[in-house]
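Engineer: Okay, here's what each chain looks like letter by letter:
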Amino acid sequence: MAKKFLMGNQVLATAAVSAGAQVMFGYPITPASEILETWANLCQQNQVLKILQAEDEMAAGFGMIGACLAGVPAFTATAGPGNVLMQDAFSMAEALRLPTVAMIMQRGGLSTSTVIYSQEEVRLTCFGGNGEGFRVVYSPANLQELFDYTLKAFQTAWRYRWPTFILADGYQGKMKGAVEIKTDNLGLLTKNIKPILTKGVNLRNCYNLEEEIGEIILAYQKDFQAKRGKIEEWQTYQTKGMEIMLVAHGIVAAACRPAVDQLRRRGIKAGLFRPITLRPFPAAAAGRFAKKVKKVIIIESALGQLASLFKDELAWVATPLVEVNKPAMGFTPEEIYETVASLS
Amino acid sequence: MKPSPAFPKVFKVSSKPHKFCPGCGHPVILKMLGQALDEMGLAQKTIFLVDIGCSLLAWDFFDLPTSQTHHGRTVPTAVGFKMADPQKIVVAYVGDGGAYAIGLQHTISSCLRDNPITTIVVNNTVYAMTGGQMAPTTTDAEITTTTPAGMQGVTTLRGPELLKPIASPQAYLARGSSRQPLMLKDYLKKALATQIKGHYSLVESLSACPLNWQTDARQTLDRLESLEKVFPLGEIK
Ligand SMILES: Cc1ncc(C[n+]2csc(CCOP(=O)(O)OP(=O)(O)O)c2C)c(N)n1
Ligand code: SF4
Ligand SMILES: [Mg+2]
Chain X
1 MAKKFLMGNQ VLATAAVSAG AQVMFGYPIT PASEILETWA NLCQQNQVLK ILQAEDEMAA
61 GFGMIGACLA GVPAFTATAG PGNVLMQDAF SMAEALRLPT VAMIMQRGGL STSTVIYSQE
121 EVRLTCFGGN GEGFRVVYSP ANLQELFDYT LKAFQTAWRY RWPTFILADG YQGKMKGAVE
181 IKTDNLGLLT KNIKPILTKG VNLRNCYNLE EEIGEIILAY QKDFQAKRGK IEEWQTYQTK
241 GMEIMLVAHG IVAAACRPAV DQLRRRGIKA GLFRPITLRP FPAAAAGRFA KKVKKVIIIE
301 SALGQLASLF KDELAWVATP LVEVNKPAMG FTPEEIYETV ASLS
Chain D
1 MKPSPAFPKV FKVSSKPHKF CPGCGHPVIL KMLGQALDEM GLAQKTIFLV DIGCSLLAWD
61 FFDLPTSQTH HGRTVPTAVG FKMADPQKIV VAYVGDGGAY AIGLQHTISS CLRDNPITTI
121 VVNNTVYAMT GGQMAPTTTD AEITTTTPAG MQGVTTLRGP ELLKPIASPQ AYLARGSSRQ
181 PLMLKDYLKK ALATQIKGHY SLVESLSACP LNWQTDARQT LDRLESLEKV FPLGEIK
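Chains X and D, in that order, give the protein sequences. Under the working numbering, the residue at position 54 of the first sequence is numbered 54, and the numbers go up by one with no gaps. Under the working numbering, the residue at position 12 of the second sequence is numbered 12, and the numbers go up by one with no gaps.
Each hint should be verified, as a subset may be incorrect.
As the list claims (entries may be wrong) - Selected chain D positions facing chain X (Cβ under 8 Å, derived; list incomplete): (1) His18; (2) Phe20; (3) Gly23; (4) Arg73; (5) Pro76; (6) Met83; (7) Asp85; (8) Ala217; (9) Leu221; (10) Glu225.
Claimed, not checked - The calculated DSBU-like cross-link candidates involving lysine-lysine, where the alpha carbons are at most 35 Å apart (straight line), are: (11) X:Lys199 to D:Lys12; (12) X:Lys182 to X:Lys4; (13) D:Lys190 to X:Lys50; (14) X:Lys199 to D:Lys16; (15) D:Lys190 to X:Lys199; (16) D:Lys16 to X:Lys194; (17) X:Lys50 to D:Lys45; (18) X:Lys227 to X:Lys311.
Stated by the list, open to error - Ranges of calculated distance between the beta carbons of each label pair, as one might list FRET restraints: (19) X:Gln225 to D:Ser15: 32 to 38 Å; (20) X:Ile213 to D:Ile196: 35 to 41 Å; (21) D:Gln170 to X:Thr112: 38 to 44 Å; (22) X:Ser113 to D:Phe7: 55 to 61 Å; (23) D:Ser14 to X:Gln53: 39 to 45 Å; (24) X:Gln53 to D:Gln170: 20 to 26 Å; (25) X:Thr236 to D:Gln105: 43 to 49 Å.
If you are wondering where the hints come from, they were derived from the structure by calculation, not from laboratory data. Bear in mind the structure is a predicted one, so any value in this text is a computation, not a measurement. Note that CB positions come from ideal geometry on N, CA and C, so glycine has one too.
The task is simple: from the sequences and hints, build the whole structure.
Structural biologist: Listed below in structure tokens is the structure:
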């Protein structure tokens with residue numbers, strides 16, 4: 001297996017090739033632009049690959065939808081205000097169950113905001129649109145995972161046919177490091193790739209009767225609930241004898257690990273539960289741990305967006321819960337250590 | 001004169017009678033498109049994408065792979081489909097609001113890029129589906145539900161003319177009318193032929209909306225005819 005020294009955004013574009021993607025539709029926005037730029041360069045080397053720098057994010061999103069309807073794996077990448085505009089396309093993908101793949105590199109939240117980092121796009125990515133959040137959202141935590149979960153995102157999208165997201169952030173996108181470029185059995189499951197809009201198929205997203213769409217939503221919900229067990233992913237760290245359960249996702253979860261080590265050295269029985277899929281949220285697994293500990297501490301670079309995913313599905317857990325929120329700001333391991341130590 | 005065939009072969013019979021109002025221009029335009037596809041032998045490779053607007057009522061009009069999209073987003077969906085499967089003939093069927101207001105950036109950009117798709121714009125000078133509000137094509141003194149006093153002094157948008165300066169030399173732009181179906185069919189065939197050659201085409205058709213215009217049969221035809229003074233028919237490029 002080849003190792004390459006790459007920037008996070010380059011990892012994502014490189015992984016998309018390995019995953020079998022053929023077309024990228026995008027619109028420049030910091031901190032995601034290098035994904036489009038890298039793909040543009042990859043197109044020079046590989047004539048099968050295509051790119052459209054669209055006129056805006058709506059065009060990019062719907063261009064991706066067009067390609068998916070034709071049965072060609074396609075993706076897009078955006079952030080912040082671009083993620084807002086793309087919800088137009090994502091909501092249609094959700095309604096028609098189209099296998100779109102989008103890389104969301106979170107930047108600061110509230111409007112244009114800052115251009116590098118936050119975890120303020122959790123709610124938007126999981127539930128954006130006038131729907132029920134029938135989406136799969138992966139939150140990777142390091143460069144290798146950017147690669148691995150991109151491979152997986154395409155497989156999940158075409159297998160289960162829900163819009164699928166890689167939700168990372170500008171820190172991860174701009175970070176550089178060595179990444180294993182895997183080309184083995186992780187490639188797209190080709191049997192699931194086929195044209196969607198074919199002879200005899202007439203698709204609509206507009207209905208006459210309340211009952212018609214109501215029944216569709218209920219059928220989608222049934223299917224989403226039935227499949228979630230196969231899709232949900234999480235990771236735990238130091239759960240043996242865990243009394244204080246930290247819950248964090250993405251790069252904040254990465255910062256929690258050394259903090260947990262330090263807390264353990266001080267005799268505080270901390271551990272980490274990290275949801276990798278934010279949607280569907282790995283509620284059953286989180287609940288198994290949460291009910292046994294003395295305290296749950298949810299840590300995030302937003303005002304309770306991860307916490308609300310947790311609480312929505314785990315209201316039955318009686319364990320005291322504390323939220324550590326730093327909206328749009330990053331965490332150092334030391335800071336997490338000190339905060340958790342003071343709460344213990 | 002040879003009589004026109006009653007039903008184009010590409011019609012989906014099970015969805016007829018169609019869902020448009022009596023006297024509407026949409027089914028006339030769709031019939032001409034159906035005949036054009038039949039006569040050119042393109043039915044087997046055509047993909048039909050419809051906007052939200054009264055065009056959405058055509059979601060099962062043809063025996064063609066068809067999808068609704070969102071209001072204004074049919075053109076980029078067509079562009080993406082065509083990029084992914086260049087062998088297909090891709091038709092975007094859009095209202096004047098979809099093509100010239102909410103989706104104008106896509107209309108302009110797809111023309112500028114010379115994307116090999118065919119956009120059909122149904123120009124009824126109003127937002128018909130939502131009850132007759134003003135559109136970019138609403139004419140000077142026209143009363144709509146959101147311009148109760150008319151809108152004197154505002155320039156009406158003429159789509160093909162707007163695109164002409166930016167269109168590639170090989171692109172095709174024309175304006176027909178549901179009042180003159182055979183002329184419209186001729187334009188549609190030239191547009192599809194342009195797509196086959198790998199270039200951009202757009203055909204606008206003036207189209208009657210008796211429901212929102214609140215016109216009877218005679219008044220509808222008169223109004224369509226008088227619209228030709230504001231929106232001249234012909235091949236624009
Ligand atoms: C994003 C969005 N905004 C508004 C609407 C409501 N809407 C539905 S159809 C329509 C106007 C359609 O007008 P036009 O494109 O001219 O088509 P027509 O109905 O006249 O054929 C509007 C505004 C919508 N569906 N989506
Ligand atoms: S509202 Fe107007 S455009 Fe729509 S179907 Fe009726 S007549 Fe046709
Ligand atoms: Mg209209």
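Engineer: Now tell me if each hint is right for this structure.
Structural biologist: Do the hints match the structure? See the list:
Evaluation of the His18 of chain D hint against chain X yields a violated restraint, the C-beta minimum of about 14 Å exceeding 8 Å. Given the 8 Å rule on beta carbons, the hint for Phe20 of chain D is violated: about 14 Å separates it from the nearest Cβ of chain X. Because the beta carbon of Gly23 of chain D sits about 21 Å from the nearest beta carbon in chain X, more than 8 Å, this interface hint is broken. With a least beta-carbon distance of about 4 Å to chain X, the hint placing Arg73 of chain D at the interface is held under the 8 Å criterion.
At about 4 Å, the closest approach between the beta carbon of Pro76 of chain D and any beta carbon in chain X falls short of 8 Å, and the interface hint on this residue holds. The criterion of a C-beta within 8 Å of any C-beta in chain X is met by Met83 of chain D, whose closest approach is roughly 6 Å, and the hint holds. Interface restraint check: Asp85 of chain D against chain X, minimum CB-CB distance 4 Å, threshold 8 Å, status holds. Given hint, Ala217 of chain D at the interface with chain X, is violated; its Cβ is 27 Å from that chain's nearest Cβ, farther than 8 Å.
The closest approach between the C-beta of Leu221 of chain D and any C-beta of chain X is roughly 30 Å, which is over the 8 Å cut-off, so the hint fails. The beta carbon of Glu225 of chain D is not positioned within 8 Å of any beta carbon in chain X (closest approach about 32 Å), and the interface hint is therefore violated. With a CA separation close to 12 Å, the supplied pair Lys199 of chain X and Lys12 of chain D stays within the 35 Å bound. Under the criterion of a C-alpha separation no larger than 35 Å, the hint pairing Lys182 of chain X with Lys4 of chain X is consistent with the structure, at around 11 Å.
Between Lys190 of chain D and Lys50 of chain X the CA atoms are separated by roughly 28 Å; this keeps the pair inside 35 Å, and the hint holds. Our distance criterion of 35 Å between C-alpha atoms is met by Lys199 of chain X and Lys16 of chain D, whose separation comes to about 18 Å. Taking the CA atoms of Lys190 of chain D and Lys199 of chain X, the gap is near 25 Å; set against the 35 Å cutoff, the hint holds. With a C-alpha separation of about 30 Å, the suggested pair Lys16 of chain D and Lys194 of chain X falls inside the 35 Å cut-off, and the hint holds.
Restraint check: the Cα-Cα separation between Lys50 of chain X and Lys45 of chain D comes to about 22 Å, which is no more than 35 Å; the hinted pair holds. The hinted pair formed by Lys227 of chain X and Lys311 of chain X meets the criterion: a straight-line CA distance of about 21 Å does not exceed 35 Å. One distance hint, 32 to 38 Å for the beta-carbon pair Gln225 of chain X and Ser15 of chain D, holds here, with the actual separation near 34 Å. Under the hint 35 to 41 Å, the C-beta atoms of Ile213 of chain X and Ile196 of chain D, about 38 Å apart, fit the expected range.
At roughly 40 Å, the beta carbons of Gln170 of chain D and Thr112 of chain X sit within the given window of 38 to 44 Å. Checked against the hint of 55 to 61 Å, the C-beta distance between Ser113 of chain X and Phe7 of chain D comes to roughly 56 Å, which is consistent with it. Taking the beta carbon of each, Ser14 of chain D and Gln53 of chain X are about 42 Å apart, inside 39 to 45 Å as hinted. Between Gln53 of chain X and Gln170 of chain D the C-beta distance comes to about 22 Å, which sits within the given range of 20 to 26 Å.
Between Thr236 of chain X and Gln105 of chain D the Cβ separation comes to about 47 Å, which falls inside the hinted range of 43 to 49 Å.
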